[in-house]
Amino acid sequence: MGIFATTRHTEQAHEAATLQAEPPTSAAVDMSVDLAGARLPSPMMTASGCAANGRELARFFDITQLGAFVTKSVMADPRSGRGTPRMAETPSGMLNSIGLQGPGITAFVEKDLAWLKQAGARVLVSIAGNTSVEFADVAGVLRDSDAFDAVAGVEVNISCPNVANRGLVFACDPLASAKVVALVREQLPRDVPIFAKLTPDVTDIVQVAQACVKAGADGLTMINTLLGMVIDTDRLRPQVAGVTGGLSGPAVRPVAVRAVWQTRAAMREGRLPTVPIIGVGGVRTGRDALELVAAGASAVQVGTATFNDPTAPVRVGRELRDLLHEKGFDRLTDAVGVAHERTA
Amino acid sequence: MSEARRAGGAAVGVVQVTGELIATRRVGAYHHLTIVAPGLAEVARPGQFVALAVGGRTSATLLRRCFSIHKVSPSGTYGGTVDVVISPVGPGTEWLARLRAHDEVDVVGPLGRPFPLPTEPLPCVLVGGGYGSAPLFWLAEALRERGCHVEMVLGAATEQKLFGVVEARRCADGVTVTTDDGSAGTRGWVSDVLPDLVRRTGAGVVYGCGPMGMLKSVTDVATATGAVAQVAVEESMACGVGVCMTCVMPVRGNDGVTRMVRSCVEGPVFRGDRVRWDAFSDGVCRVPADAVGAPREGGH
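From first to last, the protein sequence lines are chains A and B.
Taken in order, the first sequence gives residues 7 to 350; the numbers are from the working numbering.
Taken in order, the second sequence gives residues 9 to 308; the numbers are from the working numbering.
Hints are not guaranteed to be accurate.
[To be verified] Listed below are several chain B residues computed to face chain A (Cβ distance under 7 Å; list not exhaustive):
#1 V22
#2 V173
#3 V292
#4 R294
#5 A297
#6 G301
Since the hints were derived computationally from the structure, they do not count as laboratory data.
Since the model is a prediction, treat every value here as computed from it, not as a measurement.
Think of the CB as a built atom: it goes at the ideal place given N, C-alpha and C, for glycine as much as any other residue.
With the sequences and hints as input, model every part of the structure.
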C-alpha cells in the first residue's frame, strides 16, 4: 500500500504525451496580461471576499505567483458584518450573507495593504460604500496611503447583494453605477486602472457596462454573486440570518460565461469601447477558466473554489497554462474571446 | 488568567495533504477515522482541528467539513496519522463515513488555536457533549503529564451518543457520565453534576467542547466557582482557514471590546467568559449593539 505524496497531481501521463508531441513545454505559454495598463505576469487572481487579505492563503502558496491578489471589499469605517448563520451550502455552490465585514479603509491600508506590499504582492483593492461619496472617500484614503504603490488597480464593488437595501445594488442602475465610477475615477491617478464589478441580476448587463465605461471604468469584473435564498426546512425559516444572500460556486459558472460573452460581443459590435474583462464566477479548474477566457475574459478570478482547495487560484493558473499549450496557443491573449470567431 | 497560557499559539506549519484512510470503524452513533497525514501530526496540539474536503475532486459539496483532532500519532507504521470522529448527519459526513481503507481524503490542518495548558499542576475538569469529547482525551494526557488532576464529564442525549467512556477511564483520574434519558450514568445534563465536581476538586480550569448551550453552562459554572473556562466552539465553517468569514462570533478582546471574530483562526478555543453568550439564541447569533462596527438601525 502506498503512502500518498502530498502534492496535487496534474495528469502527468497526459502531460508527458503532450511534451513528446510538441517540444516547447507548457511553461513556454506567455500568460502575461495587460489590463488597461496594469501589466501582470499571470491572469490569475483571487476573488474579493473569498481570500481575506493575504496572510491566510500565504500559508498555502506564494501569493506573488498570482497576477493580482484581490482583497475583501473595504468600506470607510469598521464593519461587523451580519449575525450568523451566514452561510448555506447549495448544490455545487453556496449562499453567503457576510455583510461586508471589514476593518475600515484606514486600518486596511495600515495593516493589510502594508503587509501585502512587503510580501511583494500586486494588489487589486476592492472598495465598497453605502453611498457614491463613501466610495470616493475610500479611494482617496487608499491613494494617500504609504503602500499605494503595491496597488495594481482598484475594483469598485457596486454589486454586493449583502447590503441593507437587499440586492437593489448600484449595479442594477446604470446611472447610479456611473456616478460611483466617476467619483472613484477622480480620486485615483490615471495610471491606476479601475474595474467596475457587475451583477448578473439585471435585464441587460451590457447597458450597465456601457454606463460604467463611459463614466471612466478602465475595465469590468463580472460577475458578482446572484441574489438567492435558502429555507431551513427543519425550522421553516430563512437559513441565513440576513434572509437573502449571494449565490456562488460552480453552479453559477454558466451565468458568468454568458455575462462575459454578451459584454465582449457588444465590444466586438462597437456598442461598447473595448476594455479588459476580468472573468469570475464558479471557476474551479483550468477548463473552467478557459471557458471564461474564450468568452472574452482577459483575466480570471477564483472565488468559492478556494474554500474547497486553498491553492485553487494558482492551481487553476497552471491547469489553464497546460490547456492553452495543449491547444496550440503561444499566448494567453490569443485565446481571449476566441469563441466569438467560432460560433456555429 | 496568569495560570493559563497558550500551548502553541496560532497554527504554524499548516499543511494540505492528500491523506490515505487507513482505518474506519463505527463507535456508537459515530465513525472514527484514522488518516495518514504527513507533516500534520508532528505539529498538532489538543484543541486544534482539521478541515476535510468531501466528495472527491468533482464534488458538488465544495465546503470543507471541520473536525476536532481526536488524536495524532506522529510516527506510526504508515507515517504520521490523525484521528477524527464524525457524526454522519448530512451529505458530507455521510460521504466520509462511507470511505474505506486506502481511499483518499484531502486534509488541511492543524488549524486554529489549541487549548491553553496551565503552567501549575492545577486540578482540571474536562467536559464533553456528545462527540465533542473527541479532543479531550489527548488534552487529559497532556494535563496529567504536567501533574494536573483530571476529571472528565461526558454527557449526551442517550448512551449511543456518548463518545469515549472507556478511553476516559484510562486517561482521567475520575469520570462522570450523564445522559438526558438516563440510559447511562446520571440522568440529566452535564451542568447538573458539574458544580459539585468543580467545587469538590477545587478545579482551576474547566475545559469544554460540545454544543453552544453546553459551553455556556460550563462557563457559568466555572465563573460561579472562580475557575477559568476554556471552551472549543462548534461554529459552521465553509473553509476552516480564515478566508470565508462565515464562522464568526462575538468575543470580547483583552481591551474589553467585542468584535465579530473568526472561530477558525482566533478560536476554536476561547476563554468562556470572553464569549458573548447573550448574543446566541434559537440557532441564531446576532451582532451585539456594542460590537465594533455593529449595524445601525435598519441593518447592514
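Hint-by-hint comparison with the structure:
1. V22: holds, 5 Å
2. V173: violated, 29 Å
3. V292: Because about 6 Å separates B/V292 from the closest Cβ in chain A, which is inside the 7 Å limit, the hint holds.
4. R294: Holds, about 4 Å.
5. A297: Nearest chain A Cβ about 10 Å off; hint violated.
6. G301: holds, 4 Å
In this structure, the hints that do not hold are numbers 2, 5, in rising order.
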